[in-house]
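2 protein chains.
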Amino acid sequence: MKVLGEIRVIPVPMTVEIVPGDDLVEELIAALRHHKLNLQADDVLVVKHKIVSKAEGRVVNLASVQPSRAATVWAQKIGADARAIELVLRESSRVVRQKRDVFITQTQHGFVCANSGVDLSNVDGGKSAVLLPEDPDQSARRLRSAIKKRLGVRVAVIVSDSFGRPWREGLTEVAIGVAGIQPLVDYRGKRDSHGYKLQGSVEAVADELACAAGLICGKLNRTPVCIVRGFAYRRGSGSARQLVRPAKYDLFR
Amino acid sequence: MKVLGEIRVIPVPMTVEIVPGDDLVEELIAALRHHKLNLQADDVLVVKHKIVSKAEGRVVNLASVQPSRAATVWAQKIGADARAIELVLRESSRVVRQKRDVFITQTQHGFVCANSGVDLSNVDGGKSAVLLPEDPDQSARRLRSAIKKRLGVRVAVIVSDSFGRPWREGLTEVAIGVAGIQPLVDYRGKRDSHGYKLQGSVEAVADELACAAGLICGKLNRTPVCIVRGFAYRRGSGSARQLVRPAKYDLFR
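Residue numbers (the working numbering), protein chains in the order written: chain A, 1 to 253; chain H, 1 to 253.
A portion of the hints provided could be inaccurate.
The list makes no distinction among identical chains, and a pair is therefore deemed to hold if it is satisfied within one copy or across any two copies.
[As the list claims (entries may be wrong)] Straight line, CA to CA, 20 angstroms or less: simulated SDA-like cross-link-like pairs of lysine to any residue: (1) Lys248 <-> Asp23; (2) Lys197 <-> Asn61; (3) Lys149 <-> Arg33; (4) Lys77 <-> Gly125; (5) Lys36 <-> Val3; (6) Lys99 <-> Ala75; (7) Lys36 <-> Leu4; (8) Lys197 <-> Glu17; (9) Lys127 <-> Gly152; (10) Lys2 <-> Gly189; (11) Lys190 <-> Ala80; (12) Lys2 <-> Ala31; (13) Lys99 <-> Pro246; (14) Lys190 <-> Lys248; (15) Lys248 <-> Val96; (16) Lys2 <-> Val202; (17) Lys248 <-> Gly164; (18) Lys149 <-> Gln98; (19) Lys190 <-> Asp250; (20) Lys149 <-> Asp22; (21) Lys127 <-> Lys197; (22) Lys2 <-> Gln40.
No lab work stands behind these hints: they were computed from the structure.
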């Protein structure tokens, strides 16, 4: 029995291997039909970035990469593939930390994460690397409008990736692209039931939605898409860049 | 219709005001009955720490606090209440950043967060502060065993709080206490469908569960508890301390 106010996180398994040039929405619609799932108005579709990147051709064969001297030196030091390190450097706007085998960079989009989001898993066994989408907000918007066009349903879309965090172990999902949803909800100035005015309370709902989906969209289970149903989000033309803290407020720079 | 593999996040509204000495499980059972909800085996119960802290008496009337000189100086500088700052310092094991009006500390438990988790909201309009539970794992274990005893159901329990993150705007929920669940799932060494051996893949599922619940357990809606149902977690006597990165691996110290 459905409970008032409950949220459902519904897996959309996709066994097909997405390759550059694929029409992701067509594959998604096929998967929905196969699993007898419908999208409903105001669903949030959370899509792991990897299938987005693959469909968009953001896959680089390592054999085609000529590593720079900096990449070669660092790769030798930590026992990594210099060509992968080269991609990490190319995708970065600055290096945040470079210590032991950990390489934390800020990406061209502004996200701070390990290896500029360059990832060798779930591609082709280590021969190629997948990069983050060039403009994940735009990827989300494209998916959203194609879904509206082909299925007639207005949904929100979140493109997600797994990031580490300082001070805490383990990765959690974050939103790197959004469409049709305000990623932050600002409670500041609102009063609690005791009349106290809330202060630091801005909630990163897009990241929490990504995490809810992350419980299902695993590393090994071929479920790169989830539907989050029943969450009353604020619509709007938000951007995942709103989740990036501006440099002047960054205490860890 | 329930979809295979779906997860449900079910709100448990509790309108009663928890005060020190209250039997939290009794209040929870009353709320479940009132809303005609049942707990089921292997549900994850996510509980906002504030009601736990309140029940455990971790509420301090600011009028009873004598601020130290350090607290007074800092409070004057940023226009804060010196007594609240005093509590932040008492609850901290070290100051991580102290800049503008932001005060980031490591708590006695090891968590790095703003203001040592000391919070004036949702108490009594600013006269008192709520501290984090002294031992949130133990709080979770107590809740879990009381639920087993009184309802005969084995659940996992997560005690959660909202933390900020470097580089990203907005708060997300994190697990500060766990019982009956392994908070981390380690995929390292496992192979993806292309035979590639996964590397940095440790997932902080307890934090993702806290986030899923955080979508419902809001700041203003008097829903301090959620049931997450259908998530295949790994049972075990985990601790939220496993989510704290050891100092020697901390790149931001």
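Hint check:
no., hint, verdict
1, Lys248 <-> Asp23, "neither (40 angstroms within a copy, 46 angstroms between copies)"
2, Lys197 <-> Asn61, "between (54 angstroms within a copy, 18 angstroms between copies)"
3, Lys149 <-> Arg33, "within (17 angstroms within a copy, 45 angstroms between copies)"
4, Lys77 <-> Gly125, "neither (23 angstroms within a copy, 56 angstroms between copies)"
5, Lys36 <-> Val3, "between (22 angstroms within a copy, 9 angstroms between copies)"
6, Lys99 <-> Ala75, "within (12 angstroms within a copy, 36 angstroms between copies)"
7, Lys36 <-> Leu4, "between (24 angstroms within a copy, 11 angstroms between copies)"
8, Lys197 <-> Glu17, "between (50 angstroms within a copy, 18 angstroms between copies)"
9, Lys127 <-> Gly152, "neither (39 angstroms within a copy, 52 angstroms between copies)"
10, Lys2 <-> Gly189, "neither (34 angstroms within a copy, 39 angstroms between copies)"
11, Lys190 <-> Ala80, "between (50 angstroms within a copy, 19 angstroms between copies)"
12, Lys2 <-> Ala31, "between (25 angstroms within a copy, 17 angstroms between copies)"
13, Lys99 <-> Pro246, "between (24 angstroms within a copy, 15 angstroms between copies)"
14, Lys190 <-> Lys248, "neither (26 angstroms within a copy, 40 angstroms between copies)"
15, Lys248 <-> Val96, "both (15 angstroms within a copy, 18 angstroms between copies)"
16, Lys2 <-> Val202, "neither (29 angstroms within a copy, 33 angstroms between copies)"
17, Lys248 <-> Gly164, "between (22 angstroms within a copy, 16 angstroms between copies)"
18, Lys149 <-> Gln98, "neither (45 angstroms within a copy, 50 angstroms between copies)"
19, Lys190 <-> Asp250, "neither (25 angstroms within a copy, 36 angstroms between copies)"
20, Lys149 <-> Asp22, "within (18 angstroms within a copy, 54 angstroms between copies)"
21, Lys127 <-> Lys197, "between (54 angstroms within a copy, 12 angstroms between copies)"
22, Lys2 <-> Gln40, "both (16 angstroms within a copy, 15 angstroms between copies)"
Comparing the model with each earlier hint shows violations of hints 1, 4, 9, 10, 14, 16, 18, 19; every other hint is respected.
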